[in-house]
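Student: Residue numbers (our numbering), protein chains in the order written: chain A, 1 to 262; chain B, 1001 to 1436.
No wet-lab data here; the hints were simulated from the structure.
No experiment lies behind these values; they were computed from the predicted model shown.
Glycine included, each C-beta is placed from N, C-alpha and C at the ideal position.
Keep in mind that the hints are not guaranteed to be accurate.
[To be verified] Computed footprint of chain B on chain A; a stretch qualifies when at least three of its residues, placed anywhere within it, have a C-beta under 8 Å from a C-beta of chain B: (1) 43-53; (2) 140-154.
[Unchecked claim] Some but not every residue of chain A turned toward chain B, in silico, with C-beta under 10 Å: (3) G62; (4) S65; (5) S67; (6) G159; (7) G160; (8) N161; (9) R174; (10) L175; (11) P251.
[Said to hold, decoys possible] Across the chosen pairs, the derived CB separations fall in these ranges: (12) D139/A x D1041/B: 43 to 49 Å; (13) P220/A x F1039/B: 31 to 37 Å; (14) A21/A x P1169/B: 32 to 38 Å.
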Amino acid sequence: MRIEVKGETAYCYTNSRDIEADKPTVVFIHGSGMDHTVWTLASRHFARHGNNVVSVDLPGHGRSSGSPLATVEEMASWVIAVLDVLDISNAALVGHSLGSLIALECAASHSERVRAVALVGTTSPMPVSDAILNAAEADDHAAFDMLTQWGFSKRHQFGGNRNSGIWMIGNTLRLYERSGPGVLFHDMRACNEYASGTDQASKVACPALLILGAEDRLTPVRSTRALQEAIPSPVVEVLPGAGHTIMVEAPNAMLDALHKVL
Amino acid sequence: MAGPDYPGLDTLALHAGAQPDPATGARATPIYQSASFCFPDSDYAASLFNIERAGHVYSRLSNPTNAVLEERIAALEGGVGAIATASGQAALHLAIITLMGAGSHIVASAALYGGSHNLLAYTLPRFGIETTFVDPRDPQAFANAIQDNTRLVFGETLGNPSLDVLNIPAIAEVAHAAGLPLMVDSTTTTPYLIKPFELGADIIQHSATKFLSGHGIVIGGLLVDSGQFDWEASGKFPTLSDPYEGFHNLIFTEEFGPAAMIQRARKEGLRDFGACMAPTSAFHILQGIETLSVRMNRHVDNTRIITSFLLEQEQVTRVGYPELEGHPDQALAKELLPNGCGAVFSFDLAGGREAGIAFVDALSVFSHLANIGDAKSLVIHPASTTHHRMDAEALAAGGIGEGTIRLSIGLEDPKDLIADLKQGLRAAGKAAGGSR
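Build out the structure end to end from the sequences listed, making use of the hints.
Tutor: Here you go:
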């Protein structure tokens, strides 16, 4: 569905269903340069299991209008605004990469609106290499290539998708290519500059789940120690064989893990 | 700035889509010869049916062996996904029925494989889908033939039988300007010789029976989606951008983004028309693809040797290979097909139908049959076989003479092929009344 948020059109995938007040809600937040389609399997699953699902396209991404937002804090504020417009008092938030930082910020700054949080392919701080930032700033295709290659585990560079017939490297590359000029740069810079993640993590009061790829090369498991220590009592699931693009590389294992907090 | 290198074509041809078998550790892709796959519990089953989990239900819809082949060809072509079908014809049909219904129209090259021409010219009109055939060398002819109800532009990378080189960039521009996708049949070229998506094509069809499998042992087709065409922006493809009642009002562009077309083809076309590939066929094709570049390189080398030999023969009045002087597409071939123009071509013999028949009957290394793309060299005389109902005038309209011979050059030692051709030429000369 399309709604108006802060003067712009915001697209939210809802599995073609209306939001029902008596159902729990799960909000899915995509990562840098992506859109809601990365969550198709998971959102269909939780919709069938009695939830409202709201899989957003962040401003300037996918079908949402406007310019990409500059900071994780602004993006978190926008997600809360989406909940306001949809009259949803609280929701479980599932975010991937940049989306995980947005979910984390929501859980810390708007704790009354977040009943659970699942951070997929996450770490904090989330520094981005100069090579990626510079290429993204120049709208150079090399930024898409770097993120696509390093976004998958080494073994998945050759595919092996359990989702039949889909070449996941190609599909991810096409998603990046569909993003508008400058969008990826805004997203990567927001990741890079979000410095308060571990401080905010200590404020998370709801159940928290970290889903990590054992072979993640962008947000390696070893880099998540500070985040794991900052969040009170997180559940941590490390998925073997998966890199950073966990929704695609390990869709079934991710679903099973999500059920631990959703 | 250069990004990191993706794996090269040869590496992808060996590895894409495959992982050591998780159950047994088998390095080769196993043949999962099973119609169905067990569900661990009812909710898991429901989640597979509702596209919530990745996995297999029934081999008409997907199969683990086929899935490896599908990923491999998608990787080699640079697409988002692919579907393995029962034949190349099934792949063409699957694409068409995914994109359009009765009342639609296709603009196609007039130089098509006979099977494709039959489907478009004679069969699909019964189901309300008409085709206008145009000169493959004239992009403006494609533009002029586009109607309000046109939904697809279609051609072969190398047309049949004259090897017209499809100007993919120019025709893609024509198609895209009209909000239409360009689909190409790349059977004779394979991803080793041309990468149609990089040139602007949106969909690729293969008969994997030919050079991809490479050994004449299997029938199969592949449909590959580039993920580059914006179906919603076009506004002409309600099968992809409107709710689909046959799957709980799923909107494919909304849920699958770049993979909308190939997903709809699987969820509907493969499900309902059922022209799936057998897993054993997928296994055979995978074995062929592993050696694709090695074989294609040799196919092309041998073809260049044979065409050079034929050019020197008095009885040969024409050799139709785009790399040669005099072929109307020589410059375009150099630009689009620098690694070669495949291994299938035709040439004309003096002496007409009798000479052609005598030539074919005298060959012993070349196999006389109706196929192309085998490791073994193949020959056919169209006027006495595939086009035997046509008189000289009708043949000429199709670019075929009574003495036209089509060769598919294999991997044999070229000296033996030349010796065989000499034998054929001697027989043809006698049949034509000459002294050779």
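Student: Work down the list of hints and note, for each, if the structure agrees.
Tutor: Structure-based check of all given hints:
1. 43-53: Our answer is that it holds, as 3 residues pass the Cβ test (under 8 Å) against chain B, meeting three.
2. 140-154: Per the Cβ count (9), the hint holds.
3. G62: OK, holds: G62/A within 10 Å of chain B, min 8 Å.
4. S65: Nearest chain B Cβ about 15 Å off; hint violated.
5. S67: violated, 21 Å
6. G159: It holds, given that the least Cβ distance between G159/A and chain B is near 4 Å, below 10 Å.
7. G160: holds, 4 Å
8. N161: holds, 6 Å
9. R174: holds, 4 Å
10. L175: L175/A check passes; min Cβ-Cβ to chain B is 6 Å, inside 10 Å.
11. P251: holds, 5 Å
12. D139/A x D1041/B: 43 to 49 Å: Since D139/A and D1041/B have Cβ atoms about 47 Å apart, the given range 43 to 49 Å holds.
13. P220/A x F1039/B: 31 to 37 Å: holds, 35 Å
14. A21/A x P1169/B: 32 to 38 Å: With a Cβ separation near 54 Å, A21/A and P1169/B fall outside 32 to 38 Å, so the hint is violated.
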